[in-house]
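Given the coordinates of chain A, work out where chain H should sit on it, guided by the hints.
Take a look at the letters that make up each chain.
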Amino acid sequence: SAVISQKPSRDICQRGTSLTIQCQVDSQVTMMFWYRQQPGQSLTLIATANQGSEATYESGFVIDKFPISRPNLTFSTLTVSNMSPEDSSIYLCSVAGSRNQPQHFGDGTRLSIL
Amino acid sequence: AQKITQTQPGMFVQEKEAVTLDCTYDTSDPSYGLFWYKQPSSGEMIFLIYQGSYDQQNATEGRYSLNFQKARKSANLVISASQLGDSAMYFCAMREGQGNYGQNFVFGPGTRLSVLP
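Going line by line, the protein sequences match chains A and H.
Using this note's numbering, the first residue of the first sequence is number 97, and each one after it goes up by one.
Using this note's numbering, the first residue of the second sequence is number 11, and each one after it goes up by one.
Next comes chain A alone, as it looks inside the complex (with noise of 0.2 Å):
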C-alpha cells in the first residue's frame, strides 16, 4: 500500500489567516482525496485532486476557502484560507486503491484557530 506523508502534523493559527497542509505519496496516483473531519464527527470528502486539472470540490466546500493544488502525481496541497475557529478540525488527504482496495490516509493535520 501507499505510503503518504502529511505534514503538518498540528497547527495552531491565528484567526484570519492560512495554512497551507501537504501530502506526499511514495507512488504515483491518480486520485487524491482531502477529508475534513470536525471534532467529534466523522469525515466528510471536501475535494478530489486530479493531476493536471481543476479539483473537484463536493458541496458545501469551496475553492476560495480550500484552494489544491496537484502539480504532479505524488503530491497535492490543500490551503485553509482566512480561518475561524469553525476550521478547526483535523485534516486528512487520501489515495484510492483499485476498486477492492481501500483508501490509504495520511497521518492527517490536526489544526486549531485561536
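Derived from the structure by calculation, the hints contain no laboratory data.
Backbone N, C-alpha and C fix where the C-beta goes; we use that ideal spot for every residue, glycine too.
Among the hints, erroneous ones may be present.
[Said to hold, decoys possible] Here are some of the chain H residues that sit facing chain A, going by a computed Cβ distance under 10 Å:
| no. | residue |
| --- | --- |
| 1 | Ser52 |
| 2 | Tyr74 |
| 3 | Val116 |
[What the hints assert, rightly or not] Cβ-Cβ distance ranges computed for the label pairs, FRET-style:
| no. | chain 1 | residue 1 | chain 2 | residue 2 | range |
| --- | --- | --- | --- | --- | --- |
| 4 | H | Ser51 | A | Ser97 | 20 to 28 Å |
| 5 | H | Thr70 | A | Asp122 | 41 to 49 Å |
| 6 | A | Gly156 | H | Pro40 | 28 to 36 Å |
| 7 | A | Thr175 | H | Asp39 | 31 to 39 Å |
| 8 | H | Lys80 | A | Thr140 | 21 to 29 Å |
| 9 | A | Asp160 | H | Gln12 | 23 to 31 Å |
| 10 | A | Asp122 | H | Ser38 | 32 to 40 Å |
| 11 | H | Asp36 | A | Asn146 | 25 to 33 Å |
| 12 | H | Lys26 | A | Ser177 | 35 to 43 Å |
| 13 | A | Gln134 | H | Phe22 | 19 to 27 Å |
Showing chain H alone in chain A's frame:
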C-alpha cells in the same frame, strides 16, 4: 438518508474479551465494498478489514473479523481478545459501484471503543 449507520456511539469491553461493533448500510448497487478503519486519539486512519459484496466468505484479518450479512445489509466488526491498544474510534465505510472515486466512498458516524483493564 444515511448510507452508513453505526448505532453504538460508545462501547466498553473488558480486556481479553471479544466485542462486536455494528454497521448497517444502504445501497441499491449490487457491487460495493465495505471497510473498517480504526482512528486512535492521535488521529491517523488505520485500515483494518475489507469485505466485497460478492465475497462468499466473511473477511478475517488477525483478531479482526467481519460478520457480513448481505440480506440484512450489515457488516459488523468483531474484535477478539481485546487489548488496551484497541481503544479508539472505529469507522465503517462503503464504496459503491465500480469506480475508484472518493465521491463514492462514505463513512459512518463512528463508534468509540474503550477497553477496560
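Hint check results:
1. Ser52: 8 Å, holds
2. Tyr74: The hint is violated - Tyr74/H has no Cβ within 10 Å of chain A, the shortest such distance being about 13 Å.
3. Val116: The hint holds - Val116/H has a Cβ within 10 Å of chain A, the shortest such distance being about 8 Å.
4. Ser51/H / Ser97/A: 20 to 28 Å: The hinted range 20 to 28 Å holds for Ser51/H and Ser97/A, with Cβ atoms some 23 Å apart.
5. Thr70/H / Asp122/A: 41 to 49 Å: Since Thr70/H and Asp122/A have Cβ atoms about 28 Å apart, the given range 41 to 49 Å is violated.
6. Gly156/A / Pro40/H: 28 to 36 Å: Check passed, 30 Å falls within 28 to 36 Å.
7. Thr175/A / Asp39/H: 31 to 39 Å: 34 Å, holds
8. Lys80/H / Thr140/A: 21 to 29 Å: 27 Å, holds
9. Asp160/A / Gln12/H: 23 to 31 Å: 30 Å, holds
10. Asp122/A / Ser38/H: 32 to 40 Å: 37 Å, holds
11. Asp36/H / Asn146/A: 25 to 33 Å: 28 Å, holds
12. Lys26/H / Ser177/A: 35 to 43 Å: 49 Å, violated
13. Gln134/A / Phe22/H: 19 to 27 Å: 25 Å, holds
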